[in-house]
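Just so we're aligned, residue 1 is where the sequence shown starts under my numbering, counting upward by one.
FYI, nobody ran anything at the bench for these hints, they're computed from the structure. Do not rely on the hints blindly, as some may be mistaken.
Per label pair, the in silico range of CB-to-CB distance [to be verified]:
hint, residue 1, residue 2, range
1, Pro82, Gly116, 37 to 47 Å
2, Leu130, Val75, 27 to 37 Å
3, Val75, Lys165, 26 to 36 Å
4, Gly116, His4, 47 to 57 Å
5, Gly124, Asp88, 53 to 63 Å
6, Leu130, Pro82, 49 to 59 Å
7, Lys165, Pro192, 12 to 22 Å
Just so you know, even glycine gets a beta-carbon here, dropped at the ideal spot from N, CA and C.
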Amino acid sequence: MLLHGFLPSLLEGATVTLGVALCSLGVATVLGLLGALAKLSRSRLARAVAGTYTTLIRGVPDLVLMLLVFYGGQVAVNTVAPMLGHEDYIDIDPFVAGVLTIGFIFGAYLAEAFRGAFLAVPPGQREAGLAFGMSPGRVLWRITLPQMLRHALPGVSNNWLVLIKSTAIVSVIGLSDLMTRGQQAAGNTREPFSFYLAVALIYLAFTSVSELVFSWANRRLAIGVKEGRL
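Based on the sequences and whatever the hints tell you, model everything.
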């Protein structure tokens, strides 16, 4: 029998892994945009907060942050809850903890990617929109963001590929993801090579499909854009 009947279990774990990755990307995108706008802000406080955020993330290992959020967050929540009248013990869901931690981590990296993409948009575009009578918010939504996205796509693509692989760290907090299912199957059958190879191939499938999707998106966003040639 293929993989001793553990293939359905691995596929269920792969679904969890993909869910964590997609939700984390959503959180990271929001934080990345806010971080980029803060870094480009005229406010010294906003720039300082964004700079501290990105520096912190780049200086602390992902695994340490994951354990800090899951275990430290659980202690903090159960310390504060009684003060608010909640007496029952609160368990932090591993899926939520994983999504928030990975999203928080990659939000810092996307902030730098988005900041560079914003700077790549000619400032005259924004000035023309304001001169036309558009509000700053409308200029951002209708003019700056669409053009910024094309410049940000390579950075987003690279970070997404790393993010998918980084989801493996959620196995340390008890989430039944692809890596956890692979470890369980390897332990039950004593065939670690077969199951870790299967896990690796599933991750490879995720990244390969992702590269095709981003390649298609890049072609779509490049429609109507003329490139200068020497």
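Hints, one by one, checked against the model:
A C-beta distance of roughly 46 Å is found between Pro82 and Gly116, which places it inside the suggested range of 37 to 47 Å. At about 49 Å, the beta-carbon gap between Leu130 and Val75 misses the expected band of 27 to 37 Å. For the hinted restraint 26 to 36 Å between Val75 and Lys165, the CB-CB distance of approximately 29 Å keeps it satisfied. In this structure, Gly116 and His4 meet the distance hint of 47 to 57 Å, their C-beta atoms being roughly 48 Å apart.
Taken as a hint, the range 53 to 63 Å holds for the pair Gly124 and Asp88, whose Cβ atoms sit roughly 59 Å apart. Separated by about 52 Å at the C-beta atoms, Leu130 and Pro82 satisfy the suggested range of 49 to 59 Å. Separation of Lys165 from Pro192 is about 19 Å and conforms to the stated range, judged on CB atoms against 12 to 22 Å.
Violated hint for the displayed structure: number 2, the only one.
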